[in-house]
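Engineer: First to last, the sequence lines map onto chains V and X. Numbers in my numbering are just positions in the first sequence, counted from 1, shifted up by 10. Numbers in my numbering are just positions in the second sequence, counted from 1, shifted up by 10.
Hints are not guaranteed to be accurate.
If chains are identical, the list can't say which one is meant, so a pair holds when it fits in one copy or spans any two.
[As the list claims (entries may be wrong)] Each computed DMTMM-like pair below joins lysine to aspartate or glutamate, with the alpha-carbon atoms no more than 25 Å apart:
(1) K103 / E240
(2) K172 / E128
(3) K97 / E234
(4) K189 / E60
Derived by calculation from the structure, the hints in this document are not laboratory data.
2 protein chains.
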Amino acid sequence: MRSLRTIAFDADDTLWHHQNLFEETQERFRALLRPHREDAWIDAQLHDTEMRNLRHFGYGVKGFMLSMVETAIQLTDGRIAGAEIQKIIELGKEMLDRPIELMPGVAATLESLSHQYELMVITKGDLFDQETKLARSGLGALFAKVEVVSEKDAPTYAAILKRHGIGPGHFMMVGNSLKSDIEPVLAIGGRAVHVPYDLQWSHDRVEGMSRNTHSYLEINSLSELPELLERLEE
Amino acid sequence: MRSLRTIAFDADDTLWHHQNLFEETQERFRALLRPHREDAWIDAQLHDTEMRNLRHFGYGVKGFMLSMVETAIQLTDGRIAGAEIQKIIELGKEMLDRPIELMPGVAATLESLSHQYELMVITKGDLFDQETKLARSGLGALFAKVEVVSEKDAPTYAAILKRHGIGPGHFMMVGNSLKSDIEPVLAIGGRAVHVPYDLQWSHDRVEGMSRNTHSYLEINSLSELPELLERLEE
Numbered sequence: 011m012r013s014l015r016t017i018a019f020d021a022d023d024t025l026w027h028h029q030n031l032f033e034e035t036q037e038r039f040r041a042l043l044r045p046h047r048e049d050a051w052i053d054a055q056l057h058d059t060e061m062r063n064l065r066h067f068g069y070g071v072k073g074f075m076l077s078m079v080e081t082a083i084q085l086t087d088g089r090i091a092g093a094e095i096q097k098i099i100e101l102g103k104e105m106l107d108r109p110i111e112l113m114p115g116v117a118a119t120l121e122s123l124s125h126q127y128e129l130m131v132i133t134k135g136d137l138f139d140q141e142t143k144l145a146r147s148g149l150g151a152l153f154a155k156v157e158v159v160s161e162k163d164a165p166t167y168a169a170i171l172k173r174h175g176i177g178p179g180h181f182m183m184v185g186n187s188l189k190s191d192i193e194p195v196l197a198i199g200g201r202a203v204h205v206p207y208d209l210q211w212s213h214d215r216v217e218g219m220s221r222n223t224h225s226y227l228e229i230n231s232l233s234e235l236p237e238l239l240e241r242l243e244e
Numbered sequence: 011m012r013s014l015r016t017i018a019f020d021a022d023d024t025l026w027h028h029q030n031l032f033e034e035t036q037e038r039f040r041a042l043l044r045p046h047r048e049d050a051w052i053d054a055q056l057h058d059t060e061m062r063n064l065r066h067f068g069y070g071v072k073g074f075m076l077s078m079v080e081t082a083i084q085l086t087d088g089r090i091a092g093a094e095i096q097k098i099i100e101l102g103k104e105m106l107d108r109p110i111e112l113m114p115g116v117a118a119t120l121e122s123l124s125h126q127y128e129l130m131v132i133t134k135g136d137l138f139d140q141e142t143k144l145a146r147s148g149l150g151a152l153f154a155k156v157e158v159v160s161e162k163d164a165p166t167y168a169a170i171l172k173r174h175g176i177g178p179g180h181f182m183m184v185g186n187s188l189k190s191d192i193e194p195v196l197a198i199g200g201r202a203v204h205v206p207y208d209l210q211w212s213h214d215r216v217e218g219m220s221r222n223t224h225s226y227l228e229i230n231s232l233s234e235l236p237e238l239l240e241r242l243e244e
C-alpha cells in the first residue's frame, strides 16, 4: 500500500451534501403541483422527464430545473401559469446558491491527508456549478487537481490518469457511488473506497455488485479514511 | 517561431458556427412573444436576464433556455401559458441537437496542422454540451487535449499551460474573441491569432484593444493559418 500517491474524491454526497438538496427541492416542487396532481404522479413524471432529457442536458441542476419546468407543463396539460413556472426557476436558483454543507469530518480529514498524498477531485456534473461549489466549500486549496467530467466510466478514469501521469497502482478513488466511483476504477486497476450515502439516487445503483465479488473497501464516514490507510500500509 | 509546439483553438464561432444558432433561436423566440411585446423590448429584457443569470448559470445553452423562459414570464407579467413555455424549451433542445456546421476549411486545416503541432481545444461553456459538439463535429481525434473551462481569463490559461507542462513561448491560441482568446493569452506571454467572426456577442468586446497596441495576428479564415505559420517560421 506504500505505493499510493494520489487519492481522488467524488464531490457531491462524498465531500458535501447534495442529494438531500434535490430531495428538498423535489418536495417543494410537489407542493407547488399538489393542486393539480397526486405526489406519485408528479414523482413518476419528473423521473421520466429527467431520464428522457439526460441525452440533451447531461447531469446537473440546470437540467433538473428544465425537467421540473417541463414536468409541470405536462402534468397540467399546458395550463400552468408563467408565474408558477417562475417559482420553479426560483427553486432551482436557490439550489445553486445554497451554502455548501460539508459531510462530517471532511475538512480535517482532507487537511491531514494532504500532507502525505496528492489529493484530487473527480466529479460529474455541470462544470460551472461544480467549480462554484468547490470555491464556496473552502476546500479548493487542498486539491492539487480538479476534474469535472460528463461521465464517470472506465475510459474517463483511464484518460484522467494518463493525462496526469498517474499509474493505476498509485491511485485510489473515494466516493459514494458504486457505479461511478468504485466499479470503473477497479476495472482499470485502481483502488476504491466506498463511503455510502443513505439517499442513493436510483440511477446510481449497480446490479449484482457486492463486496464479496469485487475488491473494494467500505467506510461509514470520510473521517475513517486516515485510519484505513494506516492499516493498509502496515 | 520554430519554438511553437502547441496550437489551441477556441471552438464556438472559431471551429464551428455557434452565434448564428443563438441569433436564429432568438428570432424564433421574438416571434413567439410578438403578440405580447415589441422586438426591442424582448431583446433588451432577454439581454438583462442573461446578464443577471450569468452568476447562477454560467455560459451555455441550458442557461440561455432558462433565461428565455424567465424573460417570457416577465414580459407577459406571468400570464404566458405553459404550452408556450414548452415551445421555448423545444427551441433550446433543437439548439442542442443541431448538426455541427464547421467553418470553411476547418477540417482540412486542422488535419494538416496536426502533423506538425500538438492541437488542443480550449473552450468556455457547458461541459456536456461542448463535449457532445466536439464528438458530433468529427474533429475529436485531431486534438491531443481538450479543456472546457468556465472562464477564459489569464489565470485559467496559465493553469492549463502549467498542467500540461507547456511553456507560454511554445503556445499559440487561435480564436474569434479578443476578450477570451487573445488578450489573456498575450498577458501570460503566449501568441495569439484572431479570426474575427462577424456576429460578435456584445459581451465579448474589449474596449480600447486594437492591433496597434497589442501584438497579435489576424486572419480572415482558419484556412489561412498554415500559410501564416509558414511565414512566421521563415
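Engineer: Against each hint, give a clear statement of whether it holds in the structure.
Structural biologist: Okay, the hints, checked on the actual structure:
Neither within a single protomer nor between protomers do K103 and E240 lie at most 25 Å apart by alpha-carbon distance, with minima of 42 Å and 50 Å respectively. In this assembly of identical chains, the alpha carbons of K172 and E128 lie at most 25 Å apart whether taken from the same copy (16 Å) or from different copies (17 Å). Taking the closest pair of Cα atoms, K97 and E234 never come within 25 Å of each other, the shortest separation being 41 Å inside a single copy and 50 Å across copies. Proximity of K189 to E60 under the C-alpha cut-off of 25 Å is restricted to the intra-copy arrangement: shortest distance 18 Å within a copy versus 36 Å between copies.
Hint compliance for this structure: hints 1 and 3 are broken, all remaining hints hold.
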